[in-house]
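There are 6 protein chains.
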Amino acid sequence: MKDIYIADLVNFDEGKLFDGFFLVLLKQQRTTKTNKPYLNLILGDKTGQLEGRVWELSDPRIAKEFERGDIVKARGSASRFDDRLQMKIDQLRMAQPGEVDKTDLLPSTTYDVAALWRQLLSFVESFTNPDLKLLVTTLLDDPALAAAYREAPAAKQLHHAWLGGLLEHVVSLLTLADRVATHYPLLDRDLLLTGVILHDLGKLRELSWEIGFEYTVEGMLLGHIQIGTALVERAIDSLPGFPPRLKTLVLHMILSHHGKLEFGSPKLPMIPEALALSFLDDLDAKMQAMATEFDKCIREGKGPDEMTGKVWSLDQRQLLNTKRWLGEGKE
Amino acid sequence: MKDIYIADLVNFDEGKLFDGFFLVLLKQQRTTKTNKPYLNLILGDKTGQLEGRVWELSDPRIAKEFERGDIVKARGSASRFDDRLQMKIDQLRMAQPGEVDKTDLLPSTTYDVAALWRQLLSFVESFTNPDLKLLVTTLLDDPALAAAYREAPAAKQLHHAWLGGLLEHVVSLLTLADRVATHYPLLDRDLLLTGVILHDLGKLRELSWEIGFEYTVEGMLLGHIQIGTALVERAIDSLPGFPPRLKTLVLHMILSHHGKLEFGSPKLPMIPEALALSFLDDLDAKMQAMATEFDKCIREGKGPDEMTGKVWSLDQRQLLNTKRWLGEGKE
Amino acid sequence: MKDIYIADLVNFDEGKLFDGFFLVLLKQQRTTKTNKPYLNLILGDKTGQLEGRVWELSDPRIAKEFERGDIVKARGSASRFDDRLQMKIDQLRMAQPGEVDKTDLLPSTTYDVAALWRQLLSFVESFTNPDLKLLVTTLLDDPALAAAYREAPAAKQLHHAWLGGLLEHVVSLLTLADRVATHYPLLDRDLLLTGVILHDLGKLRELSWEIGFEYTVEGMLLGHIQIGTALVERAIDSLPGFPPRLKTLVLHMILSHHGKLEFGSPKLPMIPEALALSFLDDLDAKMQAMATEFDKCIREGKGPDEMTGKVWSLDQRQLLNTKRWLGEGKE
Amino acid sequence: MKDIYIADLVNFDEGKLFDGFFLVLLKQQRTTKTNKPYLNLILGDKTGQLEGRVWELSDPRIAKEFERGDIVKARGSASRFDDRLQMKIDQLRMAQPGEVDKTDLLPSTTYDVAALWRQLLSFVESFTNPDLKLLVTTLLDDPALAAAYREAPAAKQLHHAWLGGLLEHVVSLLTLADRVATHYPLLDRDLLLTGVILHDLGKLRELSWEIGFEYTVEGMLLGHIQIGTALVERAIDSLPGFPPRLKTLVLHMILSHHGKLEFGSPKLPMIPEALALSFLDDLDAKMQAMATEFDKCIREGKGPDEMTGKVWSLDQRQLLNTKRWLGEGKE
Amino acid sequence: MKDIYIADLVNFDEGKLFDGFFLVLLKQQRTTKTNKPYLNLILGDKTGQLEGRVWELSDPRIAKEFERGDIVKARGSASRFDDRLQMKIDQLRMAQPGEVDKTDLLPSTTYDVAALWRQLLSFVESFTNPDLKLLVTTLLDDPALAAAYREAPAAKQLHHAWLGGLLEHVVSLLTLADRVATHYPLLDRDLLLTGVILHDLGKLRELSWEIGFEYTVEGMLLGHIQIGTALVERAIDSLPGFPPRLKTLVLHMILSHHGKLEFGSPKLPMIPEALALSFLDDLDAKMQAMATEFDKCIREGKGPDEMTGKVWSLDQRQLLNTKRWLGEGKE
Amino acid sequence: MKDIYIADLVNFDEGKLFDGFFLVLLKQQRTTKTNKPYLNLILGDKTGQLEGRVWELSDPRIAKEFERGDIVKARGSASRFDDRLQMKIDQLRMAQPGEVDKTDLLPSTTYDVAALWRQLLSFVESFTNPDLKLLVTTLLDDPALAAAYREAPAAKQLHHAWLGGLLEHVVSLLTLADRVATHYPLLDRDLLLTGVILHDLGKLRELSWEIGFEYTVEGMLLGHIQIGTALVERAIDSLPGFPPRLKTLVLHMILSHHGKLEFGSPKLPMIPEALALSFLDDLDAKMQAMATEFDKCIREGKGPDEMTGKVWSLDQRQLLNTKRWLGEGKE
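Residue numbers (the numbering used here), protein chains in the order written: chain A, 1 to 331; chain B, 1 to 331; chain C, 1 to 331; chain D, 1 to 331; chain E, 1 to 331; chain F, 1 to 331.
Any given hint could turn out to be false.
Identical chains blur together in the list; that is why a pair holds if it fits in one copy or across any two.
Below, a list of computed lysine-lysine pairs in the DSBU-like style, where the Cα atoms sit at most 30 Å apart [as the list claims (entries may be wrong)]:
| # | residue 1 | residue 2 |
| --- | --- | --- |
| 1 | LYS310 | LYS36 |
| 2 | LYS16 | LYS323 |
| 3 | LYS133 | LYS310 |
| 4 | LYS88 | LYS310 |
| 5 | LYS247 | LYS302 |
| 6 | LYS64 | LYS302 |
| 7 | LYS302 | LYS260 |
| 8 | LYS16 | LYS296 |
| 9 | LYS247 | LYS296 |
| 10 | LYS286 | LYS16 |
| 11 | LYS36 | LYS302 |
To be clear, the hints were calculated from the coordinates, so they are not data collected in a lab. Predicted model, so just to flag it, every value in this text is computed and none were measured.
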């Protein structure tokens with residue numbers, strides 16, 4: 001476990017020493033006005049990121065060969081420039097394998113991933129439709145896919161943008177969808193839950209989360225809807241006897257889950273399960289985005305009577321935390 | 001109970017006799033080419049409406065003084081003109097009070113209204129917030145309001161457009177919202193359920209449902225959002241000690257429940273409960289609209305492989321009934 | 001070849017006899033006011049469609065077992081009802097296999113399909129990129145796919161809505177795209193032409209054209225963009241050594257060819273070839289829609305100074321035929 | 001009266017002394033790189049706002065207990081940092097009650113508020129409809145409401161964003177609406193003028209103008225349309241015998257005065273008076289926004305041939321001052 | 001003056017005789033089921049239009065050579081078919097020049113055109129800017145243009161769609177604009193009034209009003225904004241010494257008077273006068289459209305409590321006539 | 001020719017000397033914190049622009065009388081402030097006429113303007129329609145217009161934003177349009193090419209390109225569509241016997257070439273040639289914008305796997321350079 005986090009550094013007094021592991025998010029060679037070369041770095045961990053400067057390039061305590069994406073151990077002191085904190089770095093070396101847990105270096109879910117995964121599997125276990133059960137099991141049994149599924153963020157920025165975020169979002173949706181499915185006789189529960197589990201599968205390849213969260217070029221050009229549809233179609237085609245109509249319905253749910261053409265779904269939901277999926281997916285994303293904004297307000301020291309800033313993923317709305325405003329929470 | 005319904009008449013052979021109670025939806029005096037006066041009527045009941053003609057105006061068996069909105073007993077025979085069925089009416093008299101149940105004359109919920117009402121009250125009973133409980137109880141204890149609440153349709157045409165439709169929609173939403181509230185710690189359950197019960201209260205005066213479903217002039221000019229907000233505000237102001245912040249939140253939920261400015265909400269949802277309400281309200285309306293469309297397809301004899309026509313309340317989408325298409329239903 | 005077409009019948013005098021082959025587009029049993037049963041038919045061929053009535057159902061000269069989609073030989077006389085022409089049918093029998101060419105019964109391209117196909121193949125022949133050449137060849141060598149490709153309409157209604165319309169549209173686009181590719185050094189010609197040939201491949205399964213032009217249920221739920229992408233992806237995956245980046249680009253072109261999210265493309269064109277394809281596809285469709293409208297005006301007897309009606313596929317615009325208005329054409 | 005204004009300071013040379021009253025808009029404690037604490041302030045008055053720094057926190061001439069919203073007397077010198085002017089503050093004390101006129105500290109109307117108020121009352125005096133006259137009089141006779149009405153800005157930023165701006169806007173609109181009412185026989189003058197006086201009444205609670213102009217939380221959640229409608233409805237309900245139809249019309253005018261759903265009106269104008277009100281309100285706001293922009297250009301030293309920057313409240317348009325461009329004004 | 005109008009005929013009993021002058025709006029030769037030829041006509045006058053039939057084509061009392069656009073004298077009797085009234089025509093001859101006033105045959109303004117024209121000229125007379133006065137005078141002195149200006153409708157359908165409608169609309173706008181100009185010091189009155197007089201000048205060639213109201217081909221392709229701008233530009237260029245900046249402003253007002261790009265203005269209003277013109281033009285058109293709708297309701301026998309149908313030119317809104325609803329009018 | 005360009009300076013080390021000709025784009029007198037006056041300049045040439053500072057205002061080697069828009073010779077050294085390069089200027093004088101080529105000071109086409117002009121003229125030479133040939137020739141024979149046509153940029157920022165850019169765009173479009181015209185028999189080639197040559201003619205007065213690229217006030221108020229239409233209409237009116245219908249069509253093409261009302265075209269394309277022009281104009285602009293973005297990426301050192309930033313003129317899309325990504329180019 002890491003001893004010190006970016007979030008701690010922010011409150012350091014000028015000159016206070018630190019020593020810890022960080023992920024290199026940017027490395028640039030620059031020159032001062034007086035022509036002195038120095039390194040400009042951005043170092044990050046799961047709590048945030050911060051600028052750092054290495055002034056003594058020839059110091060033997062400064063490693064030469066590290067790059068963007070490497071994990072390093074850095075030692076130095078806090079330093080303020082124009083009211084912004086920087087890290088003045090005196091020593092820097094590559095981290096040894098195993099010295100630090102990678103999940104400490106990128107934001108990640110606060111839930112227990114193994115428990116989430118068991119919840120997911122127990123939902124699959126409950127399916128009564130053998131074809132859908134076999135399909136989902138086949139996909140989740142693929143070790144590489146399962147590993148990625150447990151790690152992937154749900155988005156680059158909008159909601160659940162942390163390691164394990166996709167799984168956290170899907171398990172939340174499964175619970176929700178299960179309750180909704182029993183409420184409407186029109187809905188085929190297993191089909192709806194299958195849609196929940198598979199709808200964002202394409203994100204496993206649309207996004208990369210090795211060093212920060214980025215879109216891959218393939219992700220930009222094809223999008224997770226297409227990537228996921230293709231993945232699922234291939235899995236279905238490998239299952240002899242999977243009913244063709246059921247295949248069409250499963251694919252339709254993935255294709256239409258954004259709910260509107262202008263959000264990148266090439267088809268509008270045309271079956272009850274697809275309609276329900278698009279509503280619940282959107283609701284869960286927005287509820288989580290709200291929770292994230294409210295946490296941010298508390299972290300930033302805003303009072304209970306202050307609304308949030310304009311939230312991009314909620315149409316620039318400003319939000320109010322009901323429970324805090326009513327004084328129900330126990331701050 | 002009525003013996004014969006419009007829906008039955010549609011399959012009558014030419015000249016077959018009928019005798020039943022109907023609601024007069026239109027009454028016009030017209031003249032034939034050869035200058036003969038006749039009555040053109042539209043008669044309806046809960047299963048639909050049909051054109052009727054009275055040729056012998058001076059026949060003593062034809063009542064003189066009936067008007068639009070009256071319930072009549074009509075006797076005559078089926079008659080086809082240009083392939084469309086008409087009622088050729090030989091006898092017509094005003095119905096006696098009590099001869100026919102009004103709920104037979106307008107479409108109405110298939111649920112037991114008393115049971116729905118008990119479900120609604122038991123949700124209120126479960127509230128832990130005393131202010132909200134008192135507010136909702138005060139409103140529902142008003143006998144006139146409660147009577148209207150049990151009768152009102154939820155809309156003129158789009159969804160739950162039948163007597164008792166509003167109550168049916170609200171009880172469905174309560175069940176759903178209750179499940180969602182327990183899923184998200186961010187949500188104040190009693191506030192959300194209060195929003196569900198009160199969000200469409202203005203429809204009690206926006207719509208009239210005496211003779212068909214119509215907008216009142218007041219409803220057209222003010223809308224149910226404003227009418228409902230005013231009703232609730234007045235109720236709150238009559239409760240000494242109701243917390244002002246809670247009042248603002250309750251009113252905000254009614255104001256924002258359409259979710260978008262262009263749908264007539266003057267404010268976007270800015271608190272978690274309002275966001276959840278707007279999603280669930282929309283989802284329940286669309287699920288019901290789907291169910292109605294699928295029933296219509298079956299009534300019209302469409303096969304399981306045929307999609308519905310373009311559905312106005314679902315952006316002109318065509319829909320497919322999953323369970324029928326997969327052959328799961330037992331037709 | 002057929003002797004008589006629907007378009008000829010329209011000018012028949014009352015009572016004039018006809019005898020010809022037609023496709024049954026609708027068959028309904030109905031009853032007159034006086035309770036006499038009759039058949040109401042809609043018969044069509046490549047020039048249009050017309051209502052027909054069979055009054056003597058028990059006449060042995062009237063076949064019993066024909067259905068929607070059958071080809072029949074009908075004999076009877078022209079008859080006018082309310083100023084609209086009908087066919088009064090006295091004899092009707094199933095057509096023998098080979099008696100009539102199916103292309104006479106649905107609208108079809110005026111071009112020689114074999115010649116269009118050769119043009120298409122010679123474009124493929126000219127490719128210098130061996131991977132793209134192999135991909136396209138592999139697809140077009142599939143006999144079932146090739147047969148469908150030669151028959152499919154390009155759309156249900158909007159443009160090139162006739163048998164062979166897809167092929168006609170693609171060959172027109174190939175010529176155009178070839179000229180544009182040599183104009184912009186930025187463009188990879190083979191990639192652009194591959195996009196042209198494959199962009200609408202999904203229509204082979206989105207549409208059916210056995211009896212009139214209809215969407216299949218699969219077509220409605222998945223759309224030709226998804227169906228085509230999957231078809232091409234499967235073909236690529238069967239080619240060992242196909243470069244993965246090239247695969248991504250080919251799929252991107254199909255996904256983005258509608259040019260806008262709201263037209264059902266899940267991705268906007270992000271490479272030069274995709275941008276060019278979306279422009280040229282749209283231009284060719286609209287030029288053909290204009291030509292079709294102008295032909296219709298001439299057929300309907302409109303003068304050169306009259307604009308067309310409002311054209312749905314061109315945003316309800318009214319159009320003017322430049323050459324006719326300037327008197328350049330030789331009508 | 002104040003001796004020195006922010007607008008004067010902007011032209012001060014480095015080191016020139018100042019001494020004056022200001023409103024504290026922001027107060028933050030910060031630390032320099034060398035760990036020295038200092039105060040960062042934003043001070044404002046009716047002409048603008050400026051950053052100030054207090055370096056000697058322990059100096060007895062620097063008050064300890066002032067907060068955001070206090071009026072202070074500050075003495076110091078002008079100082080430039082990175083080409084931006086700052087106030088270097090050496091002495092600072094709380095202002096005594098009565099030392100400075102609050103209207104000097106926030107931007108306020110250049111008109112005589114008492115005269116504007118008399119104009120407003122004389123319009124009311126001219127009403128011939130006794131019900132409307134009584135309604136408006138009842139509202140304006142409430143001393144708290146009248147005081148707020150005379151002080152409120154018309155908006156936070158868009159137009160008439162200064163103390164007294166609402167009254168100024170309403171009186172301008174009354175004059176205009178009176179002229180329009182006599183032009184169209186369709187218009188009921190008293191109803192139109194009533195709409196003008198009451199349409200923005202909700203802004204008295206939507207906005208706060210104690211320290212800068214801000215939205216209240218209630219204002220954010222309910223909006224001035226709802227707040228104003230409720231205020232007026234309550235006033236009407238307190239008047240026995242007020243005609244119900246007239247009440248509906250008055251409320252409709254407030255509800256619909258933004259003219260479009262997407263501007264937050266839950267209803268479109270459906271009566272002539274509401275339509276006229278929405279047009280004139282929008283026109284007056286935009287004419288005033290134009291005048292404000294043109295004044296700003298002159299203040300900033302732009303020439304008569306230069307257009308304004310992009311104006312947010314006019315769809316990012318750039319504007320030209322006709323009279324200046326034609327050289328008609330006498331600058 | 002005409003003795004009998006279409007509006008009178010509508011209430012005729014079967015077989016009642018008529019004899020009057022009408023404009024031929026359509027002439028078609030048709031054939032009955034039994035192969036008998038007849039003429040189908042549409043005859044109109046300023047009160048409406050009606051279908052007519054001539055059965056005895058060879059009757060010497062029926063003129064042979066009349067065409068669409070001719071004025072005819074027709075004699076016959078009222079006849080009902082399918083509940084719709086028709087004219088059964090027994091005699092028909094061309095009208096003699098002078099027998100009937102053309103303004104009786106197309107809908108036209110109820111105002112005195114000569115008086116409206118004098119009002120227009122007296123506004124011009126009041127101009128103090130000599131350049132603008134000369135420009136407007138030059139244009140209105142052109143006899144052909146002045147004649148067309150006095151006759152033109154303001155639109156094909158939306159508002160003031162009658163002969164003299166343009167002049168009526170302009171004079172109403174002048175009065176209104178004059179009042180607004182004196183209210184805002186920012187506005188150059190003469191420039192605003194010039195914009196009012198010239199803004200729709202292009203309609204003199206965009207529309208034709210000889211036989212019904214139609215767009216010309218030139219009108220369709222160029223639009224009245226371009227046609228009017230060109231007309232005015234040419235007039236300005238013929239005036240030596242007209243200030244170039246003033247020319248730019250006048251043209252800008254015509255170009256921008258629709259107020260939005262999507263309404264066909266290539267430029268948004270960027271000067272105060274153009275902004276005011278676009279608001280007032282829109283307001284006057286909508287007030288007149290409202291008045292027309294309310295008149296239609298009275299004519300159709302709707303009660304004061306009934307709203308209008310959905311009005312196309314007012315975004316499908318339904319409207320309520322305030323004065324009638326309040327019972328103020330004396331019907 | 002210039003010896004040194006802004007683009008070279010960017011890579012200069014601190015303190016390295018330069019000496020070259022530049023265009024003055026901004027000149028401001030400022031004061032330091034310590035009250036020392038200095039000059040802040042922005043100097044530019046065809047490769048970019050850079051900030052410069054003159055500290056010794058009284059040095060006799062610094063010219064006094066230069067202004068924005070002048071060409072100067074400046075000598076000094078590179079200097080870095082906050083990691084941004086500046087020019088520290090020690091000597092500065094006005095350039096002598098002829099010392100520097102103006103095309104070196106603003107970005108300009110990389111093509112040979114004389115050759116482009118000959119290509120344009122040879123297209124005109126190929127016209128078979130004598131009226132269109134005479135019209136275009138008449139316009140291009142005007143020496144002032146021809147000089148401006150050869151110099152004008154095609155846009156301020158979006159595409160072809162360099163001297164000669166308009167001509168470069170038109171010649172590219174002519175080649176393209178010629179190929180398209182021969183592909184569609186519906187198209188009148190000469191009319192289409194006339195539209196290409198004249199569509200942006202108004203830009204000669206909408207934009208100014210003396211010092212940087214700016215809109216003129218006339219350009220802002222009227223727009224190049226109106227300015228160009230008027231220019232062409234005047235030219236046509238000077239040609240006796242030019243067919244009126246042809247005039248309408250030519251003007252329609254200019255008016256409608258932006259293709260959509262919301263892009264500032266007052267009319268949608270309604271003839272085949274106008275539709276084709278609007279497509280090709282848009283395609284050529286976007287292809288050039290793509291090429292410009294890809295060049296910028298290479299200049300900025302982005303790798304072949306990196307997509308461009310969000311491109312404003314392509315709806316904020318990010319783009320990928322196909323050929324570089326596939327490794328086809330030989331960088």
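Hint check results:
Taking the shortest Cα distances, LYS310 and LYS36 never come within 30 Å of each other, neither inside one copy (42 Å) nor across copies (34 Å). Proximity of LYS16 and LYS323 under a CA criterion of 30 Å is satisfied in neither setting, with 38 Å inside one chain copy and 51 Å between copies. Proximity of LYS133 to LYS310 under the C-alpha cut-off of 30 Å is found in neither arrangement, the shortest distances being 42 Å within a copy and 33 Å between copies. In this homomeric assembly, LYS88 and LYS310 never come within 30 Å of each other (Cα to Cα): the closest approach is 34 Å inside a single copy and 34 Å across copies.
For the identical chains of this complex, LYS247 and LYS302 are inter-copy neighbours only, at 23 Å across copies versus 50 Å inside a copy, given an alpha-carbon limit of 30 Å. When the C-alpha separation of LYS64 and LYS302 is checked against a cutoff of 30 Å, the pair qualifies only between copies, where the shortest distance is 23 Å, while the shortest distance within a copy is 42 Å. When the C-alpha separation of LYS302 and LYS260 is checked against a cutoff of 30 Å, the pair qualifies only between copies, where the shortest distance is 28 Å, while the shortest distance within a copy is 35 Å. Taking the shortest alpha-carbon separations for LYS16 and LYS296, only the intra-copy value of 26 Å comes in at or below 30 Å, while the best inter-copy value is 43 Å.
Taking the shortest alpha-carbon separations for LYS247 and LYS296, only the inter-copy value of 27 Å comes in at or below 30 Å, while the best intra-copy value is 42 Å. Taking CA atoms no more than 30 Å apart as the test, LYS286 paired with LYS16 passes in neither setting, with 40 Å inside one copy and 54 Å between copies. For the identical chains of this complex, LYS36 and LYS302 are inter-copy neighbours only, at 25 Å across copies versus 42 Å inside a copy, given an alpha-carbon limit of 30 Å.
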